Amino acid sequence: MFEYLLLFLSAVLINNFVLTRFLGLCIFFGVSSSFEASLGMGVAVTAVMVVASFFGWLVYFFVLTPLNLTFFTTICFVLIVASTVQMVDIVTRRFAPKLYAMWGIYLMLIATNCVVLSVPLINVENDFNLVRSLVHSVGAGIGFWLAILIMASIREKLAHSEVPESFKGLGIAFVTAGLLSLAFLGFSGMIAL
Amino acid sequence: MSENQETSSALSPAEQIAAISGPFRGSKQTTLSGLIDDGVFGKNPVFVLALSLCPAVAVTNSVQTSLAMGLSVWFVLSFSNLFTSIFRNYINPKVRMPAYILIIATLVTMCELFMSAFFPVLYQALGVYLKLIVVFAIILARAEVFASKNKPIPAFFDGFGMGLGFLIAMLVIGVPREVVGSGSFWGRPIFGEGYQPILMIILAPGGFITIGLFIGLFRSIGAARERARAAARLEGAGDAMEVKRV
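Residue numbers (this note's numbering), protein chains in the order written: chain A, 1 to 193; chain B, 1001 to 1246.
Rather than coming from a laboratory, the hints here were simulated on the basis of the structure. Source: prediction; values computed, not measured. Where hints are given, some of them may not hold.
[Stated by the list, open to error] Listed next, the in silico DMTMM-like pairs over lysine to aspartate or glutamate satisfying Cα-Cα at most 20 Å (straight line):
hint : chain 1 : residue 1 : chain 2 : residue 2
1    : A       : Lys168    : A       : Glu156
2    : A       : Lys98     : A       : Glu36
3    : A       : Lys168    : B       : Glu1226
4    : B       : Lys1094   : A       : Asp89
5    : B       : Lys1151   : B       : Glu1226
6    : A       : Lys157    : A       : Glu36
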């Protein structure tokens, strides 16, 4: 139990997928200009990540490994992620229309996205068992959410401050992300994993 | 069937990207050198378009990994454009996204196998980021915006130019990071004993900050050029007016 808690915390804080691993930056900088959108994106990313890691794990250990086809991992996982997005889209539309009305539009944007693809890949690369993979992907999703919400709040304040002309927009967003990342670096002493 | 309808009705990633980056449309220049020039200077993938950011930051902490990543992307981008263009008349528009992704994933897998066979150390260093070339926005966007509408040879050179631009951008970020952050170039120390490397630059925060500073720098250069051009135009117009008056 304790081991899973450590894995979870490390995925959220220490190996934060956005701020230490540089994954999902396209969404991170694209969406974080609005707080509402960031909230929705976080939910969509977490949901897709967990489902995709589950299927990715099954395919990798029950299909690809026995058949010695592990060099197909990349191709398979891309397809798994894309179809997971499609599947989550259909299921939420049918069973949770309210949720879909709020967050459905973000689903399509993550069909081909590095953060969602990387989680299943990292899971199988580290030979995680099924429970560990799921815990890891939930942690990754929550870490992504945390980072994007912090960034969105900062950017709301940033909109009212004076930024040098050439740094407006993406430039200052990157420097801000760098400072955030520096803050997250402080967590790395917390748990030795 | 329903899946197809949904894919075509929703905004596909490449379309979304094309919408975000306004000037990012099919190039009007059709000469080959024009296409390469466009890729390297006009629409440089990392700085001007600010696409494909993930890899650019993650693996630029040394010159070697930057170069390896840049070369891999260059290869994949050129050939994905070529193959997309060759198959463009045989792909049903409804399933074009999955088809492009398959082409790209195949090329990335080739790249991966090549690296793991001949450069195992570098392969370890690039880790999961090499596999993630599959989802680089820029590659899919070039396939969708340019290669699917042009003949194979111009498409290949479009990818070639874009890829070269990406490679140069990777080195522009990678070289200063290694020099400042570990005081070395290509793994060899260059500053002598007394130099205290600024560790932060090769860690995660350094990547973000370096790119942020470069974006600011490139934009201010661009703005200065724009101003100079506007001033020149104004002067020219003024001359023309005087001539008329005379």
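Evaluation of the provided hints:
This hinted pair checks out: lysine 168(A) and glutamate 156(A) have alpha carbons roughly 13 Å apart, not beyond 20 Å. Note on lysine 98(A) and glutamate 36(A): the hinted pairing holds, with a Cα-Cα distance of about 16 Å set against a maximum of 20 Å. At most 20 Å may separate the alpha-carbon atoms for a hinted pair to count; lysine 168(A) and glutamate 1226(B) meet this at roughly 17 Å. The suggested pairing of lysine 1094(B) with aspartate 89(A) holds, with an alpha-carbon distance near 18 Å, which does not exceed 20 Å.
With a C-alpha separation of about 33 Å, the suggested pair lysine 1151(B) and glutamate 1226(B) falls outside the 20 Å cut-off, and the hint is violated. Distance restraint check for lysine 157(A) and glutamate 36(A): the Cα-Cα separation of roughly 15 Å lies within the 20 Å cut-off, and the hinted pair is therefore satisfied.
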